[in-house]
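Peer 1: One-letter residues, chain by chain:
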Amino acid sequence: MTKFYEIKSMPSTELETRNTKFETDLKELAQDVVRRAVKGGASAAECVIREGDEFSTLVRLGQVETLKQSGSKAIGIRVFNGQRAASTYSSDFSREGLDRMIKSAIELSKITSEDPFAGIPDASQLGSLPGDLDLYYPDVYSLSGEERINYARRAEKAALDYDPRIKNSDGGSFDAATGHKIMANSNGFVGEYKRSYCSISAVPIAQTEDGAMQRDYWFSVSRNLSKLESPEHVGTVAAQRTLRRLGAKRGKTKKVPVVFDPMVATSILEHIFEGINGDSVYRGASFLAGKLGQKIAGDGVTVIDDGTIVGGFGTSPFDGEGIPTRRTVVIENGVLNSYLLNTYTAKKLGLQTTANASRGLAGTPGIGPGNFFVQPGKKTPQEIIAAIPDGLYVTEFLGHGANLVTGDYSRGASGLWISGGELAYPVEEITVAGNLKEMFFNISDIGSDLEFRGSVACPTIRLDGLIVGGA
Amino acid sequence: MGHLKTVENNKFFFQHYGLSQNDLERYLAAALSAGGDYADLYFEYLSSTSLSVDESMVKSASQGISAGCGVRVISGERTGYAYTDDLSSERILHAARTAALIASGPAKTPVVGFQEKPARSLYPITLPSVDAEITAKVELVMRADTAARAFDPRIKEVRASYSDELRNILIVGSDGTYAEDSQPLARMNVSCIAKTEGSSARGSSGGGGRVALDFFFGEKTPEFFAKEASRQAILQLDAREAPAGDMEVVLGPGWPGVLLHEAVGHGLEADFNRKQTSAFAGLVGKRVASEKCTVVDNGTMPWRRGSLNVDDEGQPTQSTTLIENGILKGYISDKLSARLMGIADTGNGRRESYEHIPMPRMTNTYMLPGDDDPEDIVRSVKHGIYAVNFGGGQVDITNGKFVFSASEAYLIEDGKITAPIKGATLIGNGPDVLTRVSMVGNDLKLDEGVGTCGKDGQAVPVGVGIPTIKVDRLTVGGTARKDPGGFMQ
Chain A
1 MTKFYEIKSM PSTELETRNT KFETDLKELA QDVVRRAVKG GASAAECVIR EGDEFSTLVR
61 LGQVETLKQS GSKAIGIRVF NGQRAASTYS SDFSREGLDR MIKSAIELSK ITSEDPFAGI
121 PDASQLGSLP GDLDLYYPDV YSLSGEERIN YARRAEKAAL DYDPRIKNSD GGSFDAATGH
181 KIMANSNGFV GEYKRSYCSI SAVPIAQTED GAMQRDYWFS VSRNLSKLES PEHVGTVAAQ
241 RTLRRLGAKR GKTKKVPVVF DPMVATSILE HIFEGINGDS VYRGASFLAG KLGQKIAGDG
301 VTVIDDGTIV GGFGTSPFDG EGIPTRRTVV IENGVLNSYL LNTYTAKKLG LQTTANASRG
361 LAGTPGIGPG NFFVQPGKKT PQEIIAAIPD GLYVTEFLGH GANLVTGDYS RGASGLWISG
421 GELAYPVEEI TVAGNLKEMF FNISDIGSDL EFRGSVACPT IRLDGLIVGG A
Chain B
1 MGHLKTVENN KFFFQHYGLS QNDLERYLAA ALSAGGDYAD LYFEYLSSTS LSVDESMVKS
61 ASQGISAGCG VRVISGERTG YAYTDDLSSE RILHAARTAA LIASGPAKTP VVGFQEKPAR
121 SLYPITLPSV DAEITAKVEL VMRADTAARA FDPRIKEVRA SYSDELRNIL IVGSDGTYAE
181 DSQPLARMNV SCIAKTEGSS ARGSSGGGGR VALDFFFGEK TPEFFAKEAS RQAILQLDAR
241 EAPAGDMEVV LGPGWPGVLL HEAVGHGLEA DFNRKQTSAF AGLVGKRVAS EKCTVVDNGT
301 MPWRRGSLNV DDEGQPTQST TLIENGILKG YISDKLSARL MGIADTGNGR RESYEHIPMP
361 RMTNTYMLPG DDDPEDIVRS VKHGIYAVNF GGGQVDITNG KFVFSASEAY LIEDGKITAP
421 IKGATLIGNG PDVLTRVSMV GNDLKLDEGV GTCGKDGQAV PVGVGIPTIK VDRLTVGGTA
481 RKDPGGFMQ
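Protein chains in written order, with this note's numbering: chain A, 1 to 471; chain B, 1 to 489.
Accuracy of the hints is not assured; some may be wrong.
Example chain B residues on the side facing chain A (calculated, C-beta under 8 Å, incomplete) [as the list claims (entries may be wrong)]:
# : residue
1 : R240
2 : E355
3 : P369
4 : G393
5 : V403
What the simulated footprint calls covered on chain A by chain B, stretch by stretch (three residues with Cβ under 8 Å from a Cβ of chain B suffice, anywhere in the stretch; the number is not a length) [said to hold, decoys possible]:
#  : stretch
6  : 111 to 117
7  : 232 to 238
8  : 282 to 293
9  : 356 to 365
10 : 411 to 420
11 : 430 to 441
DSSO-like, lysine-lysine: derived pairs with alpha carbons at most 30 Å apart [claimed, not checked]:
#  : chain 1 : residue 1 : chain 2 : residue 2
12 : B       : K275      : A       : K167
13 : A       : K227      : A       : K291
14 : A       : K167      : B       : K329
15 : A       : K347      : B       : K292
16 : A       : K227      : A       : K255
17 : B       : K227      : A       : K348
18 : A       : K379      : A       : K227
19 : B       : K292      : A       : K249
20 : A       : K157      : A       : K167
In short, the hints are calculated from the structure, not lab data. Backbone N, C-alpha and C define an ideal beta-carbon position, used for all residues, glycine too.
If we strip away everything but chain A, and leave its shape as in the complex, we get (with noise of 0.2 Å):
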């Protein structure tokens, strides 16, 4: 329930090779666990395997205060008795280990349901996406250990050295990590692939006279080590950031005009991805469900998931259930064009899936969007913010208020209040509500700055309508 920066769930789960004459060992040991498997009485089975290695450390006020290094490994299968299915995990690779596993989940079969659309995707939609995705760049681990803490350090020091109200911190950090899954099933799958990550970041304290203190961050995350922006870069921008919130005063309940950084514009996708994903459409728990054709979102508004684009962080080659990715547009000028499935919510609304099948060891497959995006506009933030005589420029929620089945929308917010088209003073300890059916053809202008920092991307956006709550 902590605040925390959310700069570690950008590519959400990374794991990686500790050593690499593993991989094709590993490979045979996912499809010699599904021959088990089916051979001990499973009538389908589906095995995966994470393999991952991470690093990080933590610099505060120039010393080191954390340095972690370390790997694991993990594998899960799940196994089908007619159309009752059940899954186990271990991280015991050795051969007992692996039975007692496989044993298990034959047994736990047993227990569950007969659900008629259970089962695994058909021989004929399995598979791979071709060629080079760019994901793995083993360069993340190519820094010295001490080069490493420098970059931690230098970001720390430029956040510090840029203004004397910055008078303290939470530190600077790199971390670095590298992960590699790997699939088989009953059907005749067997895929892999390696992805890495690597990122900076800074998170300064700044202090006016009286006392009150204010932190933000800012960071740069990348899958290989070259395209990382500097140290320097991440730690001012952080300072920037920081010292804007300082003398924050609270706003006046009124209903003004709001404007999202791309950051918080996220969230809107993130609430867009809710509702029109299979699982909360097939039960009905979204208020976009059966909405399929329908005007759901302002003309301007082009909604896309794609987990094609190259080097992208929510690319990959094939889906959680051994579909190759694919790029689906969601909503196009407003119209919801696509729900996001799996096999199973696909069958249950007879459709067909659009390969978000998302997979961790354990349980039935979810639904997880590829690289899940609003098509740019043409303005800059800039000409957003001119228009507006008085409002609201959110940085930051507070709070996860927003409720799919009513769409009704509430949370804790700061940021700076519009005055005359301009940026005027920062404010906090507000709220901003609606209702999400009404925001989404709320949203009156869309940026030109779309940039991805993670799987899900906004550029500015300006909705109309909302209620900010103050004293």
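Given chain A's structure and the hints, the job is docking chain B onto it.
Peer 2: Below, chain B without anything else, positioned relative to chain A:
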């Protein structure tokens, strides 16, 4: 899933992994091979089960095991950390040598021999639920489904889930710390959707603790949670718009204690205060709440979700008074902050798993009861809201701003609870919100056992509690604007 069973004399890792005291000393020596002030090893073996029912079918069942060892080396304010999921000597020694890189000096020698401190037995369970018959767990989720659907024909969608785990841990430190524990945890959840011609609404409920399976067949049945989730969904069908702006807020007893967790709990974690990054830094001995407020963090409550016999650094848990009659008394601490700040280790060093570095975390955080009659509290409000159920909350510990989202709330008009209102976020400022608590009820209640707290990406189970209280001013994030005569719709 055919996991390893806890053994009687509690030497779990010695029995199952052939560990010896000599091995532990060897690993600690490797961890201190480049110097450092302190090193510890955290062995964990976690087995878990989960089941869920949807559309009246048990659609998923899973079981799993994860095991590993984390090695920590502390040198001054620096922490080195490495872990392995392979409990062989070779891999643990490798992790120990990696963690050792944080220090740069001559090797230190750990003390010889370990000492186990006497600890409580807060969850004495003979048959952990993870070992209980799976068919009994299937019965629980199916009964929840039936009860929710029977509650009202407008309940159209029901999901019920059950999950449990058993965590066996062993912690040894270079100062002779030695602790073992076997920590059960079980939970049920029910969520449902009510639908009519024109509207839909959701409701959810759940609970549990460090309890055995029989808890759900006696004390808190699936029917209890199912009815509660259904009741909330039906109620929300007719909810009006929530008001917006500053107003009087009455919080009902129990889970609304999430206010304390966000507004003061996180801000009183010692690491934030050691680094002077908390809005509460330097306020010990100062007034941070009205005289009616006394707030404690208590890790020693039997069977509770937030309770622990020992924390994840091997320190026995305790009850710590954070705020006494409005005055800030102290922080909750782990080993590192206790040593660096010269304060007591309150047994709040917790971590999500062997892959994580421990830090100060809450256990069960609640406000002691006061003298006021809950009915008088509501009667004293002219225009305000009465909030009894919440989703989660969030806080920025540096500027102190926190939110928590009401999922069940009502208008109070002229001292009477009237119409239910839609979910709304409440926002306030941690260091002064409790100074505006003007009434504290005599009806302290703890939550049902659903809380999970996140900090720096680590999730741990916690509890909260509060009596009915009145806050003279909080900002409510609704969509209906207030006019002088009441609430404009």
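Peer 1: It remains to establish, for every hint, whether it holds in the given structure.
Peer 2: Hint by hint, here is what the structure shows:
1. R240: violated, 11 Å
2. E355: With a closest approach of 7 Å, the E355 of chain B hint holds.
3. P369: violated, 24 Å
4. G393: holds, 5 Å
5. V403: holds, 4 Å
6. 111 to 117: holds (count 5)
7. 232 to 238: violated (count 0)
8. 282 to 293: Since three or more residues must qualify, the claim that chain B covers the stretch 282 to 293 of chain A holds, with 4 doing so at under 8 Å.
9. 356 to 365: holds (count 4)
10. 411 to 420: Since three or more residues must qualify, the claim that chain B covers the stretch 411 to 420 of chain A holds, with 3 doing so at under 8 Å.
11. 430 to 441: holds (count 6)
12. B:K275 / A:K167: Since the Cα atoms of K275 of chain B and K167 of chain A sit roughly 11 Å apart, the hinted pair holds (cutoff 30 Å).
13. A:K227 / A:K291: violated, 41 Å
14. A:K167 / B:K329: holds, 26 Å
15. A:K347 / B:K292: violated, 58 Å
16. A:K227 / A:K255: violated, 42 Å
17. B:K227 / A:K348: holds, 28 Å
18. A:K379 / A:K227: holds, 27 Å
19. B:K292 / A:K249: holds, 29 Å
20. A:K157 / A:K167: Between K157 of chain A and K167 of chain A the Cα gap is close to 11 Å, so the pair holds against 30 Å.
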